[in-house]
Every structure is written in C-alpha cells, then in structure tokens.
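These are the residues of each chain, in order.
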Amino acid sequence: MNIAASLRLPRAPLSRRERAGYAFILPCVLFTTVFFLVPLAMTLWMSFNHWPLLGKPSFAGLANYLDLLQDESFWGALWFTTRYTLVVTPAIFLLAFALALLVHRAVRFVGIFRTAFFLPVVIGMATASLLWWWMFNDQVGIFSAVLMDLGLVDEPVQWLAETNSALASIVVMVLWKAAGFTMVILLVGMQAIPQDLYEAARMDGARWIQQTRYITIPMMRRTFALALTMSVIGSYLAFEQFFVLTKGGPMNSTISVVHWIYRASFTYFKLGYGAAMSVVLLLILLVLSVIQMYLLRDDND
Amino acid sequence: MTKQSLAYAESVPAATAAALASAARGRFALSRRARDSLGGTLYYLACVLLTLIFLFPIGWSAFTSFYTPTEAMASPPVYWPSRFSVQNYANLAQYGHGIWRYLWNSASVTLLTVGMTLVLATLGGYGFSRFRFPGRNLIFVVILATLMIPFQSILTPLFILLRILHLQDTLIGLALVYTTFQLPFAVFMLRNAFDAVPREVEEASLLDGCTPMRSLLLVMLPLVKPGLVTAGLFAFFGSWNELLAALILMGDAKNFTLPVMLLNAQSGQLGAVNWGLMQAGITISILPCAVLFLLLQRYYINGLIAGAVKA
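Read top to bottom, the protein sequences are chains A and B.
All residue numbers for the first sequence refer to this note's numbering, where the first residue is 1 and numbers rise by one.
All residue numbers for the second sequence refer to this note's numbering, where the first residue is 1001 and numbers rise by one.
These aren't lab readings, by the way, just hints derived from the structure by calculation.
Remember, predicted model here, so these are calculated numbers, not experimental data.
Relax, there's no trap hidden among the hints.
No farther apart than 25 Å at their CA atoms in a straight line, the calculated lysine to any residue pairs in the SDA-like style are these:
| hint | chain 1 | residue 1 | chain 2 | residue 2 |
| --- | --- | --- | --- | --- |
| 1 | A | K270 | A | F48 |
| 2 | B | K1254 | A | R263 |
| 3 | A | K247 | B | A1253 |
| 4 | B | K1225 | B | L1144 |
| 5 | A | K270 | B | D1252 |
| 6 | A | K247 | A | S165 |
| 7 | A | K270 | B | I1164 |
| 8 | A | K247 | B | W1060 |
| 9 | A | K247 | A | E155 |
Computed, partial: chain B to chain A, Cβ under 10 Å:
| hint | residue |
| --- | --- |
| 10 | A1074 |
| 11 | M1116 |
| 12 | G1135 |
| 13 | P1150 |
| 14 | I1154 |
| 15 | L1155 |
| 16 | T1179 |
Derived DEER-like restraints, expressed as beta-carbon distance ranges:
| hint | chain 1 | residue 1 | chain 2 | residue 2 | range |
| --- | --- | --- | --- | --- | --- |
| 17 | A | A23 | B | V1048 | 51 to 57 Å |
| 18 | B | A1090 | A | S253 | 37 to 43 Å |
| 19 | A | A192 | B | M1213 | 36 to 42 Å |
| 20 | B | I1164 | A | A106 | 54 to 60 Å |
| 21 | B | N1137 | A | L283 | 22 to 28 Å |
| 22 | B | Y1044 | A | V34 | 50 to 56 Å |
Even for Gly, the Cβ is constructed at its ideal location relative to N, Cα and C.
Isolated chain A, as found in the complex:
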C-alpha cells in the first residue's frame, strides 16, 4: 500500500475522498492561518520596524532589539517574572501535592473536597484578582479587619503597597486560584500507580509515610515534571494578577513581562518595540517547552 502510494505520480489528481478531506479541514486551516500564523509572522516583521499606533511604520533593522538590551525596565520585568515563577511554582506544587494526597483516598465526602479545591480554577484570573484585591484592601478588606479585631495589628495592613508583601499577597491569591489545577494533574499521576506496589509494601510493614516516600514520589517523577513545567510556562505569561492587584506597583516593582509588553504597545504606542519583546518572550517559552518535552519524553525512546 505504502509503496504503491509513494510510487504514485506527484501530480496525480486528488481522489474524491482526498478532496473531501481537504474540504473538512479547510475552515480550521483558514482560521489558524489568518488569525494565528499571519499575526505570528507580523509580530516577527514588526519587531524589525519602528511601528507607531497611527502613522507609517519604518524599517528599523535590529534597533528594537538593541534598545531592548539597554532597557532596564524590560530586564527588571523579566527578572521580576522569573522571581515570581521561582516562588510561585514550588508553592503551588507543594500545596497541590498535599491536597492531592488528602483527596486521593476513597472516603466519604472526598468528592466534595476535591470539587471545593478545584472550584477557583474555573473562575477567571481577572475576576479572582479583583475579588482578592477587595479582600486585601486596607480600608474595607477582611484580612486587615480580622487581624485588627484579633488584636494582632494596630492599624490596617497595606498588603499591596510594599514590594515584598505585594508579591507575597499575589502568590497567596494565585495559590488559591491555581493549586486545584495542579492537584488534578497530580491525582491522575497517583491513580496510575499500581495498587499491588502498596500492598507489597504494607506486607513488609511500610507505614504511610514510607509508602509515600518510596513508592508514590519515585513513581510520579514524570507527573511532577509535567506539573512543574506547566506551572513555569503559565507563570511566565502572568499578567492579570499584577495588572489588577498592584497595577505594576509599588514603584514598578511588580511588572511582569506581558504587562510590560502591554504597556510598551498600548500605553506608549511603540508597537514594534512591544513586538520585539514578544519575540524574546516567545523564545523563552519555546526553550521551556523543549525542556518540558525532554523531561516528559518516553523512557524507551
């Protein structure tokens, strides 16, 4: 069959069935081309141009990229995003792993617990951020009020006004919002571990903690890699939580890369410059994706 197919003349007329196949996928291909591949090529092209929002673009060669190298705000944003990623990824992972261990067993009401831990995932990041922005508020927010009523603090806490507590506050919000997602990924990994391993370990008198240490964790290495890389990639694209909770403040200390691209393009109207930053971000994410694929490759490859 394959030999016959490869021997066929290249210009052989398409069969009816082949034409039907093309017809079925045509709308998808059209959409992807017009609204994804063309804009992607445009991003690349724009990054080599000075491109104001209104008026004519002019070719700039590598000027945008050279500017980028000197732009401390961009490197600051990249460094902040990296720092955020380094803090939030292990935090989400540990909480999610603890939650997954809790709701892994088949006991009464476990479905309710799972659902509750997961529910924040389906709320939009923007909505969730607004919700927490209100709770973090020093005047009407619940956190300051409770701490004051308990007598733990004397005056309202400015959670979002100071660099370190702003980052910590955002991390707490993201933990609430995203831990459920990682929990489900980890649960699936846990459920894939053969039960007889645990039975054998119990026969040998292994306690729960030893079973977790010597069976669960080693068996889940790939799932861990998956959960961690997904969280890293997601964190590099973070935008809403900063845009809503801190507006990039205090003193521009919480601007993420996407936030900075947004500002360059739509506050300063330097679209070409924004495009150059997008290309750099794209390259970072491609590297991360390749690392992810390397970590998740099949062992028998």
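For this one, chain A is given, so just place chain B on it according to the hints.
Leaving out everything else, chain B in the frame of chain A:
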C-alpha cells in the same frame, strides 16, 4: 475418658490461645480503630478547614453583594449586615451602559466562540481522523503547535489585523480571535473522539448511501458528544473569563465584556470604588462558571487531563 472429652481437654489450651490471640487482636484492633478514628477526625478536620478556606472568598463576596451599598462600603467591614438588600444589583444594572449590556456582550462573544469552535473543530477533527490526504500530518502538527505559542505574543498584530478587516471593536471580531485561540485544543479533542469511534459504524452508514456530511451529522456526532461537551466547556471558560485580548481589542465602552467592565469599575468614580457594586459584578461573573463546572465537571476534568498529557 471418651474420645470426645479428650478432644475437649486438648482443645482447652488451643481455645485459650485462640482467645488470647483474639483478645490481642481485639486490643490491637481497638487501638487501631482508636488511632484510625483520631486520624479520621484529623483528616476530616483538615479537609473541612481547607474546603472552608477555598470557598470563603467566593462565599464572602457573594454574601456582601447582598449588603446595603452603605454597609458594603463600611470601613472597617461589617461581618453581618443589619439587613439584606439587592440594591447593589440594582446599581449594577445602572452602571455604565448597564449590566445587561455587558452580560449580553460577554454571553454573545462566549456563545459565538463556543459555537464556531465546535463547528470548526468537528469538521476539522472529522477530516483529520477519517480522511487520508497529502500533508495531513504536517497540517495537524502545525495547528497543534500553535498551542505552544502564547496568544499574548500575537495580540498587537491581531489588533492591526482586525482594523484592516473592519472588525476592530466588534463582538464578532473578538469572537473570531477567541475561536482561533480555542481551536487547536478543540480539534485535538475531537480528532481523538472520532478516532475512538469504530470504523465499521461509519462504513455501514456510507454503504447505506449517506454522504460523508450526512454520516457525520446523523451517525458520528451523537457518538462524540463527550468530546463536544469538553471542547465546548473549555471554549466557554476561556472566552467568558478572558481579559487581556478584550482589553486591547475592545475600545468602545459599550462593547466591554464583563471582566473589562469590572476592571473599569475598579478604577472607581472620582477615586471612590463602589464596593457593593463590585461584589455584585464579581458574583455575576462567577456564577455561570461555577454552575457549568458543578454540572459538567467530569467532562471538564477529562479534558484537562487530555490537555495536560498532550502538552
């Protein structure tokens, strides 16, 4: 002595041993039960506490949305209102172009996106699953590869593209963009769903004289319903909750979707935020997601797993 009594006599130590053993087991069982019930209590305590923590922000926001506007703005906040009211929702109805306008915007963009995504992904998934044609694998890989590219990096060109197409600042333009973002995963989902349907089902319908299109609509579609629900849910959550693209692509305030409108309300009028109105708005944007998720969580979680394994 009868044989029987001998047996009895002999059995005494055995019985004793058994009794001792059972007592020991009993004691052990008792202590284990005690330990289990202690562990069980701690387990449930931890779970219930975490559940309350996870549900608290949603519940607290929904609860305060029914305060009177004055009490919703109180500083320090009140834990229990003197009376409940729907005034915040009434104010929301009057806010900007009115909540109904923003709800309509969000709902129409979301439903358009879900509809277009499902139609395109059904056709595409069916085409990729059931037809052999040159370039098939390459095209599929290209479509899937767009999943790895963050849509954030193509928003500026999209802004320009929509302007060229005269779709800038229209709900249809936004829905087209959202559909493109949702498409790769949906095609992947539906191709898998079609792959899982045995070939004989379709062949039988084709032998009966169906065209491929008829066979797709009448025979195959009901069989891939779980895939459709999953892809539809992802498109729904994706577009209902999206902020950045809507923020960039929508200029006119009467075209704002709910998240953009809420963001607008965040900046407040004359610097004062109407907190009760915000909580009412937040509650309204959470509600459809929560309800859909609670009703269809099985499909959503399955899609999540498929997406994660693929990614």
